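Chemist: Start from chain A and add chains B, C and D according to the hints.
Protein chains in written order, with full-length UniProt numbering: chain A, 1 to 413; chain B, 1 to 413; chain C, 1 to 413; chain D, 1 to 413.
In short, the hints are calculated from the structure, not lab data.
Every value quoted in this text rests on a predicted model; they were computed, and no experiment measured them.
Treat the hints with care, since some could be wrong.
In this list, chains with the same sequence are indistinguishable; a pair is considered to hold if it fits within one copy or across any two.
Below, in silico cross-link-like pairs of lysine to aspartate or glutamate (EDC-like), each with a Cα-Cα straight-line distance of 20 Å or less [as the list claims (entries may be wrong)]: (1) 195 to 106; (2) 368 to 358; (3) 368 to 174; (4) 368 to 250; (5) 195 to 128; (6) 368 to 89; (7) 368 to 243; (8) 195 to 127; (9) 368 to 42.
4 protein chains.
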Amino acid sequence: MARADDQPSSDLRDRYLSTRHLTDALARPLSDADAVIQPHEDASPAKWHLAHTSWFFETFILRDHVADYRLHDERWPFLFNSYYEGEGERHARARRGMISRPSLDEVRAYRAHVDDALVEALPQLGEDVRALIALGIEHEQQHQELFLTDILAALHENPLDPAYGEGPPVATGEAAPMGWTRHEGGTVEIGHSGKGFSFDCERPRHARLVAPFELADRLVTQGDWARFMLDGGYSTPSLWLSDGWAWVTENGIEAPLYWRRDDGEWSRFTLAGRRPIEPSLPVTHVSYYEAEAYARWAGARLPREEEWEMAASNADPAAGHQLDEAGAVMPLGAGTMFGDCWQWTGSAYLPYPGFTPEEGTVGEYNGKFMCGQFVLKGASCATPRGHSRASYRNFFYPAQRWQFTGVRLARDA
Amino acid sequence: MARADDQPSSDLRDRYLSTRHLTDALARPLSDADAVIQPHEDASPAKWHLAHTSWFFETFILRDHVADYRLHDERWPFLFNSYYEGEGERHARARRGMISRPSLDEVRAYRAHVDDALVEALPQLGEDVRALIALGIEHEQQHQELFLTDILAALHENPLDPAYGEGPPVATGEAAPMGWTRHEGGTVEIGHSGKGFSFDCERPRHARLVAPFELADRLVTQGDWARFMLDGGYSTPSLWLSDGWAWVTENGIEAPLYWRRDDGEWSRFTLAGRRPIEPSLPVTHVSYYEAEAYARWAGARLPREEEWEMAASNADPAAGHQLDEAGAVMPLGAGTMFGDCWQWTGSAYLPYPGFTPEEGTVGEYNGKFMCGQFVLKGASCATPRGHSRASYRNFFYPAQRWQFTGVRLARDA
Amino acid sequence: MARADDQPSSDLRDRYLSTRHLTDALARPLSDADAVIQPHEDASPAKWHLAHTSWFFETFILRDHVADYRLHDERWPFLFNSYYEGEGERHARARRGMISRPSLDEVRAYRAHVDDALVEALPQLGEDVRALIALGIEHEQQHQELFLTDILAALHENPLDPAYGEGPPVATGEAAPMGWTRHEGGTVEIGHSGKGFSFDCERPRHARLVAPFELADRLVTQGDWARFMLDGGYSTPSLWLSDGWAWVTENGIEAPLYWRRDDGEWSRFTLAGRRPIEPSLPVTHVSYYEAEAYARWAGARLPREEEWEMAASNADPAAGHQLDEAGAVMPLGAGTMFGDCWQWTGSAYLPYPGFTPEEGTVGEYNGKFMCGQFVLKGASCATPRGHSRASYRNFFYPAQRWQFTGVRLARDA
Amino acid sequence: MARADDQPSSDLRDRYLSTRHLTDALARPLSDADAVIQPHEDASPAKWHLAHTSWFFETFILRDHVADYRLHDERWPFLFNSYYEGEGERHARARRGMISRPSLDEVRAYRAHVDDALVEALPQLGEDVRALIALGIEHEQQHQELFLTDILAALHENPLDPAYGEGPPVATGEAAPMGWTRHEGGTVEIGHSGKGFSFDCERPRHARLVAPFELADRLVTQGDWARFMLDGGYSTPSLWLSDGWAWVTENGIEAPLYWRRDDGEWSRFTLAGRRPIEPSLPVTHVSYYEAEAYARWAGARLPREEEWEMAASNADPAAGHQLDEAGAVMPLGAGTMFGDCWQWTGSAYLPYPGFTPEEGTVGEYNGKFMCGQFVLKGASCATPRGHSRASYRNFFYPAQRWQFTGVRLARDA
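Bound conformation, chain A alone (with noise of 0.2 Å):
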């Protein structure tokens, strides 16, 4: 994690209070009803998101490491916890839909208590502790980004298909055909430098042996995809791993998450409501399966994590569309490494050579994870701006897709 002692102190009360501002933010368009929605077991309710990335705040940077703090309310750990076994009992996964009391308004005031008591205390804290409110931020982050796509997945299940924001003007005409980019290969390393920021999952930086290799220049589009829709990718076993095939019929799979057919038109709903397919922008909301299937109905692959992250080592890890402060989140482009979608990689999610988990409970952050989920890279449009980097590691189970997940094709030179 980060070595916090790089920043001064009051860098990291700006990006503190800038970092809890956006959430805060991103709830102003929800009533107290929306807030209390829990769409599916994968997702929580957004009330939840911003009482949980409080209570990580409380328990590990207040309740631990400052004297005299108080808990804003001794019953609420139990609620917030998210699943750090070392914190004890905690209310189940499944049914934090059901929890109408404490309200979004009084989940607010807990946001400023816990505000204000960090920042009366940040002057006096250790250099342990400032990396783990460092910790905290990269935290409250990463559920900025489930916050918005749980709310989509929330709103998607009213058939009045509401919306949480606007969207741009709908986009039309199709993206540029794609190109390949070729690298050589080698021996590469991969994984967090040690500057700045990182998780436990991307370090220690480490030797790899890659083959040449060419990258898609772009992302694939929903007009890909609605090709290889066309052309029967969802009814031909052959392109399909077996475990994907066996999702695709028992859940009855024929498109992305979102999209539905009426009279014949696709069309898929997104945060601005429902809205056309746009054929120029990357295809959303595909899973792990569904990748794997374009790809090889596309005579490629998806890339590794060692390719991609190789070829990103020279990119802007700010660039492409991602959360900002103003909350534009729509995909618009399918270009760059970072921003739109995030990127389903053929790598497992599973330690490196040497990995350490962080110590105490935080350490169950990352490492309790590395089973049966895939390695995704880059960023996508709900991603904050300046959460990102090239050896950023972010995983998902191969059926999950209620992420912005999408596309990007490999193959061997």
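Modeler: Quick look at chains B, C and D alone, frame taken from chain A:
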């Protein structure tokens, strides 16, 4: 259903408005978030009850019988139809808790809109339509009870034990010992006599043969139930129906719904929050399986519906603890035939000889549920006063217990 | 149960042996593998039936009442107890198909061992024990029917459509049009009179009031059913009970069990393999839901148990197509009250007024199942001849249809 | 796959016949009923293995490459295709235990029929077809192992603890303390070298970077495992992956599969029936979750596939306790790289760089399973001797443990 011509138009208007106002009053303590929660598939969100009862009037009165009436929102019937196949496709029952929009306030405005339109139209409506309004009033009264049982279930999901309202002081002491009242039986008429409102399932009135029997002079109390538990009631298979025993073991049942043991002490969750066991008060929230097992343990049985109805023929249906306009809903006593809790009978909910469903879509009201359920008689603390009569047939599946369901014993004379 | 002193000892011995031999004969066409298959949780392997019926005699007669009797194998009662909680722990019902050992031949030897011991002991046994033997005989007859329905279900799992035995030539043509027989009703006695054997659930005989009604003079045929299907019977929700419609849609039901359509042509799987629809023969393998929906479609209803029993009081219980010693089990006709198929009534299976279960563990035989099931009357082609009487109450859950269940219509006069 | 031209025709014939005969020998102790049982969805009936391996030769050799060959029974391919989508519709995997006919003897006749036809055709078959035969031999060897693990699962379902065969005397005492062997790592080649048979997933051979590491010099024993259990291994969440802990709690896992505690004493079910824990023998039937948790508890980790393969490069693949023609299948030792039990690695089963599936339907053999599974290396007591090599990649899902799966520890040097 009611012969509406018994009632002058002003009476119907008054009954309509007072019923609607009571529903509004019941919703007053709730937040937008409280009102959206669906705790389980049998229950509905409070907001849904508010909207659905309005949809009933809007659909079967205003849309069908009032020229030029325009739907408040033409997309809402899809959301607020409950189970009327004749009214076409509808939102999935299990997903009612996902509808944050329209908001609680928007649904309140919907109620006002329907009320205004209906009161304005009322003077012009014919006898048949006024009978449908009378049905709608009874329908809304049923939902007032469901509103309370469902909000109890919703708040119970919250580990913080929030209260819907205040309750009376905790009752202490034990109830008087249970006595038996002998009834001679004979050829008995049951079912509705035709005077005043009734549901189709209460008709036609017909004769049954009843053997001499005895009926308990009070309900089974929480104190009685504690003795059943102490005697191993929940761990003795010979006391249980086969389905009941499977239900106990598969669900780990060891007490009535909402009872909880902490450090050896039982408490129960109520609309007034968590309270101690009150031995003199009737036990509520027991399933048919539990009621039947308790009766066997007590050397008795459940009454048949004709026995209960015979015994209640001279009782005052408006006596006992029932829901009044002030919203006093705490069970307080254990004696009367009506009030405190619904009483399981040993009779299956089946059509009376000669039963004919109502004409049209409202014919789905009762008849299609005549399979697998048991009849309950009486009324509960959540039944609106004025809604009860001896011929009333409530019905639930044998495992259901989120209603205020209790037990009155019977035995052969 | 039987007053066994009605019967000289030699009669009981003969009845015991002929019953046991019929079971043996039914098992003759089966291989060791055929006999181990459990097609679904409601059904049991053929071998299990052979063993369980022997366990019944071994446990309740030999072990309990014959000095010095040693169990054939003391580990087997755990395997072959069905549901008697009073007999302790037992093998899980759903796993009966996993027991390849003991083999079919070993179970045959078990049967012989029990037979020898019982026949030897019989002359010394008192009246009560002989009554238990009579119960065991009736019990085994019930399992003869289950044996056949379960082996039908087992063979039906095999895509090769293997036959259990040969059937009669295919019947052609339609049945005669259905007529109605009027019954005047009145105060009617139903239940067992006390002469000969009866199960506890048939007692006590008691009076019921019956209104005038009409009963169809034949069963509903496969030809009738085909017309129901053609008329959209399975896709018209207004014909169905709410639970029934849920069952239809969740399970994709569109025909009776064992019916299949290939290239537009329906056939049905039988003990003689796959056969065409035979329009003149009774429809079998329909659920209560289907029977009830059919009756509504036909403008009729199902008979109540008292109506059926009244109408059958003069019929010959041994007439009609029933299982004889030669094992002729194909439904062949549609007229008689007894035979061809069990007839669903609209009556819930509940205790008669004054019902008292048998003493001891055999008291679990009937009473604990009195919840959620419907009564069927008559007998089927798989019911052993001699096992039937007008007061007999068969019972199944409304979705179950792997028995030979069919429909006879009734209507109010 | 094999370069079949390495092998003179007579060798292939001999290998074919000896493989087929071993399968026949493995089936000899089974009855018709034993052979039909399917204990769970991962396992198949013994008879199905006998038939499916024959279907493989019949389909891909005889049907496709031998003129005038007529299928033994044209309805059987539907029953005995496993998962080859390219071969069309097939019987549901979960219902394989329902097929009592064809009988075990009929399937034996099928095997003989295929053997005769194949041996007769062999001299005329070209190189490509002979390579497919070599693949079929390896395929059948894999099913020999599954045959044994599945029959173990089947017999374990029986509360009578029947044995498949005799086992060696019970081993007493503890194994020698575990030691560590250091490996220096470097750039290492893994994957198949091209000499002799290999599956497509073992290719292409390619280089990996390996850091210095240490590998345990013996397998984890049952005695080791008992100490893990005693130390609370199954009740300490911090030892487990998140998915693993969910698996433990949802399934109530508290020991390896087939272990059972009676009166405080653990025993385990084996092919020789129930036996005591033998502390000096390797633990088997543990899942990836358990293996991974054990390693964490022991302060170590699981080896990566490249580490294991590097360490095994000089080991004899035919050494250790493996299945020989006499069918001696009891785990007996704990030292060698090959034999006793498969060893979980920490590597996901993913395609090697440059992986290309086999052409045609047999290309479904491996590639479509490359998702969500982990690689196991070595061989088990049920692996046919001669089937093993260092590049072999076995694979299972992390919760699966009905195979002979065990643990060898690794750690960073």
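Chemist: Which hint numbers does the structure go against, in order from smallest to largest?
Modeler: When the structure is compared with the hints, numbers 1 and 3 turn out to be violated.
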